[in-house]
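Following the hints, put chain X in place on chain H, whose structure we already have.
So the protein sequences, as listed, match chains H and X.
Each number in the working numbering comes from the position in the first sequence (counting from 1) with 1082 added on.
Each number in the working numbering comes from the position in the second sequence (counting from 1) with 1082 added on.
There may be inaccurate statements among the hints.
What the hints assert, rightly or not - In silico DMTMM-like links for lysine to aspartate or glutamate, alpha-carbon gap of 25 Å or less:
(1) H:K1085 x H:D1248
(2) H:K1085 x H:E1246
(3) H:K1090 x X:E1215
(4) X:K1090 x H:E1215
(5) X:K1127 x X:E1097
(6) H:K1090 x H:E1111
If you're looking for bench data, these hints aren't it; they were derived computationally from the structure.
Each chain, written out:
Number of protein chains: 2
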Amino acid sequence: MLKRSELKHLQQQGERILSQHGIAITDAERSNIEVAELGLNEVQKQGLILLTYINTDRYCAKELILLPRQTCPEHKHPPVEGDPGKMETFRCRSGQVYLYVEGESTAAPVARVPAGSEDYYTVFHEIQLGPGEQFTIPPNTLHWFQAGDEGAVVSEFSSTSRDEADIFTDPRVERIPQIVED
Amino acid sequence: MLKRSELKHLQQQGERILSQHGIAITDAERSNIEVAELGLNEVQKQGLILLTYINTDRYCAKELILLPRQTCPEHKHPPVEGDPGKMETFRCRSGQVYLYVEGESTAAPVARVPAGSEDYYTVFHEIQLGPGEQFTIPPNTLHWFQAGDEGAVVSEFSSTSRDEADIFTDPRVERIPQIVED
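Looking at chain H on its own, in the form it has when it is part of the complex:
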């Protein structure tokens, strides 16, 4: 649940962060900045600010904005109607991102699992991404990610996005947030 005023505030924050990193957006895009509140009522800890540049039936490109230590909870993109599931490349533009995917667990992961949600983080193969570094996540693969202390901006290049099909490990997550008027 996201209050209209908080949505507005986070949109402005996202806009400011993009601008600080020299990423220009149009006025129309400004009001399309999406706040993925995810229904956990702690968007600054578990959530994401994003801007979708283009999403066609063939490809998609977004800018993801993470506040300091903000975490996008564990999820995967399953096969949908003949599509093998979304494949995505995360390219870090600024800051640090700690990305976790299926595979051998990293001994001492840098990210901190959000308190109270420990049961819903199950993959710990760590990939650290700094500016200019990228990683491609295969379809139907569990993953989650957290920004470092400075936050991060990440470009996402992918096949078609079908957010409503995403499967989150945490059953409390609602991918499409409810906005409530203040």
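Only chain X this time, still in chain H's reference frame:
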């Protein structure tokens, strides 16, 4: 035909332009900066510097770097083996880009057709892109583009790239350049 020394020089120029715009790349990417010389022996007028971040069988993302008034000659991406042809979104990151596609000709186009190549520029429906503005070019559609006086950086989000399948209006163009040692 591109001399090894000129390739190196243009790669460095591309790297510098990206860096000036706060776009971080890795050391490995630095040496993968591509110079599309196109065989016309005037790469600074007709050519392109580019960096492919990712090209999978599902999507592709590149950064295109255009020197001041540099032109990418008219071409299209035809259907290939069941694929309807590359669809691409150009997003201007900095500078100005004048993009021309099929459709009603613009009365007084801003770009100047490269001298001596007039016969090979046939579409004049103009789209002007400044920072943050973008346009999606349908598959199998003729297009060409030129940077303004300051040059430009353009992010390209697209379906799979198959450069060798591109069809250029100018039969002299060779998409895959020959590098000659100095």
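Comparing the hints with the structure gives:
1. The hinted pair formed by K1085 (chain H) and D1248 (chain H) meets the criterion: a straight-line CA distance of about 24 Å does not exceed 25 Å.
2. At most 25 Å may separate the alpha-carbon atoms for a hinted pair to count; K1085 (chain H) and E1246 (chain H) meet this at roughly 21 Å.
3. Between the alpha carbons of K1090 (chain H) and E1215 (chain X) the distance comes to roughly 23 Å, so the proposed pair stays at or under 25 Å and holds.
4. Among the hinted pairs, K1090 (chain X) with E1215 (chain H) is consistent with the structure: their alpha-carbon atoms are about 23 Å apart, no more than 25 Å.
5. About 19 Å separates the Cα atoms of K1127 (chain X) and E1097 (chain X), which keeps this hinted pair within 25 Å; it holds.
6. Proposed proximity of K1090 (chain H) and E1111 (chain H) is supported: the alpha carbons are some 13 Å apart, at most 25 Å.
Going down the numbered hints, you'll see the structure goes against none, and every one checks out.
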